[in-house]
Amino acid sequence: MISPEGTVSFWEYLGSRRERLVFETWQHASMVFQTVLVALVLGVLIGVAVYRSARLSAFATSAAGVFFTVPSLALLGLLITPLGLGVAPSVVALTLYSLLPIVRNTVVGLAGVDRTLVDAARGIGMTRAAILLRIELPLAWPVILTGARVSTQLAMGIGAIAAYVNGPGLGEQIFSGLARLGGANAINMTLAGTLGIVLLALLFDGCFVLIGRLTTPRGIRV
Amino acid sequence: MSAPSPEIRAASRTDAAEPAAALHAPTGRSWRMLLEPVVILVVGAAWMLYVETSDLDSIEERSLKPRYVWQKTWEHIELTLVSTLIVLLIAVPLGIVLSRAWARPATPFVLAVANIGQSAPAIGVVVLLAVLLGIGFWTTIVALVAYGVLPALRNTMVGLQQVDPDLTDAGRGIGMSPARVLGRVELPLAAPVILAGIRTTLVLMVGTASIASFISGGGLGDMITTGVTTQRTPVLLTGCVLIGLLALLIDWLGGVATRLLAPKGL
Numbered sequence: 001m002i003s004p005e006g007t008v009s010f011w012e013y014l015g016s017r018r019e020r021l022v023f024e025t026w027q028h029a030s031m032v033f034q035t036v037l038v039a040l041v042l043g044v045l046i047g048v049a050v051y052r053s054a055r056l057s058a059f060a061t062s063a064a065g066v067f068f069t070v071p072s073l074a075l076l077g078l079l080i081t082p083l084g085l086g087v088a089p090s091v092v093a094l095t096l097y098s099l100l101p102i103v104r105n106t107v108v109g110l111a112g113v114d115r116t117l118v119d120a121a122r123g124i125g126m127t128r129a130a131i132l133l134r135i136e137l138p139l140a141w142p143v144i145l146t147g148a149r150v151s152t153q154l155a156m157g158i159g160a161i162a163a164y165v166n167g168p169g170l171g172e173q174i175f176s177g178l179a180r181l182g183g184a185n186a187i188n189m190t191l192a193g194t195l196g197i198v199l200l201a202l203l204f205d206g207c208f209v210l211i212g213r214l215t216t217p218r219g220i221r222v
Numbered sequence: 001m002s003a004p005s006p007e008i009r010a011a012s013r014t015d016a017a018e019p020a021a022a023l024h025a026p027t028g029r030s031w032r033m034l035l036e037p038v039v040i041l042v043v044g045a046a047w048m049l050y051v052e053t054s055d056l057d058s059i060e061e062r063s064l065k066p067r068y069v070w071q072k073t074w075e076h077i078e079l080t081l082v083s084t085l086i087v088l089l090i091a092v093p094l095g096i097v098l099s100r101a102w103a104r105p106a107t108p109f110v111l112a113v114a115n116i117g118q119s120a121p122a123i124g125v126v127v128l129l130a131v132l133l134g135i136g137f138w139t140t141i142v143a144l145v146a147y148g149v150l151p152a153l154r155n156t157m158v159g160l161q162q163v164d165p166d167l168t169d170a171g172r173g174i175g176m177s178p179a180r181v182l183g184r185v186e187l188p189l190a191a192p193v194i195l196a197g198i199r200t201t202l203v204l205m206v207g208t209a210s211i212a213s214f215i216s217g218g219g220l221g222d223m224i225t226t227g228v229t230t231q232r233t234p235v236l237l238t239g240c241v242l243i244g245l246l247a248l249l250i251d252w253l254g255g256v257a258t259r260l261l262a263p264k265g266l
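Chains as they are written, first to last, in this note's numbering: chain A, 1 to 222; chain B, 1 to 266.
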């Protein structure tokens, strides 16, 4: 490969753009964190609302599944029309994609709770809400958390494509590289964006392992 | 990145314990199976009819000519099928080799690499390869394959790993050669997981092929980028709608193939 004029080594590139890269990495991490958090709250609420009816559960998971099959670029494109370019379509798209694994795992997790435990709880006089909060959700929590973990990995990658609709984050590096294809630093930019996202994804995954350890009720820890 | 990751598919498959019976359920449900593609095709046709009959300016008209739309759709299908085929040709044999007893020590390592590789964003992989190899159809295919091969490999390995060792032992015990154990016991038992992996790959490839247009790989993504750069909403929306419908249609086809090809009695 011929190096066009002005090309610097990858490390030099990282050094010279440090501030910008740190900022974009932070943006990416915070976008993913916030969207997954919103999706976690919404997803658990949806899951709690539907899990008692087999029909509603099937409907919620298959609707989310259909939605999930739609490629992210198509969804981002569809969202440009009502929401314009920028942060709004990116955040909405990321939240929507993050919902599916969480809804599905909430439904599966809650359905997997041993019925005899729920009966026992009712037997000792716990209210419906107390059973949900103190028995069912804690027992389903590891499964729900796995859903959130999958969502996070997804959101990391889709977040990169969001830069196409002027969304925030490391995708900007990749698209800058694309715009300068064959020019100086195209490879450095793309590499910085891609590796940055891989590192963030691994970091978040590590955090999930930690959160899982800390928040799983002691009795069901493996 | 938009297609279901193997974990999700795998989860949905193992969680749904009851469909084992429904999987081969005969006639009663067959009309329902056809309902989905019919709905998809009707929606697609209705959308095209609506767009073609609405007021279009010259740019829109050019980008929405039925022949052009069909050409882009066909390119998209081509990208999807060619890349899926190559992914399978690489991933399935490699997965089989890596799950042999002598290669087992390498399994955790390969799975770890597959996991890390999967967290690379699709768009990053695509653009990186364009920087290295130039733009065009074959670069796109290389990028799609590079992106799709790890999940497919993972699925094949997981599928073969979960085969009950007692059954392979029994196969060997009744005097089957290792090749026959593989062909008659392991592969048929692993088939549902491997087939589910093929479906996942197909859907993953439809989604990733939509970003091929960034590196001149063709496909329906072209309509999205044209729509955005020329600020023509009908073109943008047509691209989005058709990609979405194509993904759903291919997912359905994958589902049908999974049902038809899965060995009976599982």
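Treat the hints loosely; a few may be bogus.
To give an idea of the chain A side of the interface with chain B (calculated C-beta under 10 Å), a few residues [to be verified]:
{"hint": "1", "residue": "Thr69"}
{"hint": "2", "residue": "Pro138"}
{"hint": "3", "residue": "Pro142"}
{"hint": "4", "residue": "Asp205"}
Using C-beta positions, here's what the derived DEER-type ranges look like [claimed, not checked]:
{"hint": "5", "chain 1": "B", "residue 1": "Val113", "chain 2": "A", "residue 2": "Val209", "range": "12 to 22 Å"}
{"hint": "6", "chain 1": "B", "residue 1": "Gly134", "chain 2": "A", "residue 2": "Gly15", "range": "55 to 65 Å"}
{"hint": "7", "chain 1": "B", "residue 1": "Trp102", "chain 2": "A", "residue 2": "Val41", "range": "10 to 20 Å"}
{"hint": "8", "chain 1": "B", "residue 1": "Asp57", "chain 2": "A", "residue 2": "Leu210", "range": "34 to 44 Å"}
{"hint": "9", "chain 1": "B", "residue 1": "Ser216", "chain 2": "A", "residue 2": "Leu85", "range": "20 to 30 Å"}
Hints in this document: simulated from the structure, not taken from any laboratory.
For glycine and all other residues, C-beta sits at the position ideal for the given N, C-alpha and C.
**OP:** Using the Cβ atoms, figure out if Trp102(B) sits within 10 to 20 Å of Val41(A).
**Re:** violated (49 Å)
**OP:** Report holds or violated for the interface hint on Pro138(A), using the least CB-CB distance to chain B and a cut-off of 10 Å.
**Re:** Given a least distance of 20 Å, the restraint on Pro138(A) is violated.
**OP:** Go ahead and decide if the range 12 to 22 Å is satisfied by the Cβ distance of Val113(B) to Val209(A).
**Re:** The hint (12 to 22 Å, Cβ to Cβ) holds, given that Val113(B) and Val209(A) are roughly 18 Å apart.
Subject >> Hint validity - Asp205(A) Cβ closer than 10 Å to any chain B Cβ >> reply: Holds, because the Cβ-Cβ distance from Asp205(A) to chain B comes to roughly 8 Å (cut-off 10 Å).
Subject >> Residue hint Thr69(A), partner chain B, criterion CB-CB below 10 Å >> reply: holds (5 Å)
**OP:** With respect to the beta-carbon atoms only, verify the hint that Asp57(B) and Leu210(A) lie 34 to 44 Å apart.
**Re:** Violated - the Cβ-Cβ distance for Asp57(B) and Leu210(A), about 56 Å, lies outside 34 to 44 Å.
Original post:
Do the beta carbons of Gly134(B) and Gly15(A) sit within 55 to 65 Å of each other?
Top reply: violated (29 Å)
Subject >> Restraint outcome when Pro142(A) is required to lie within 10 Å of chain B by C-beta distance >> reply: Since chain B brings no Cβ nearer than about 13 Å to Pro142(A), farther than 10 Å, the hint is violated.
Original post:
Quick one: are Ser216(B) and Leu85(A) within 20 to 30 Å, going by C-beta?
Top reply: holds (23 Å)
Checked against the numbered hints given earlier, this structure breaks hints 2, 3, 6, 7 and 8; the rest are met.
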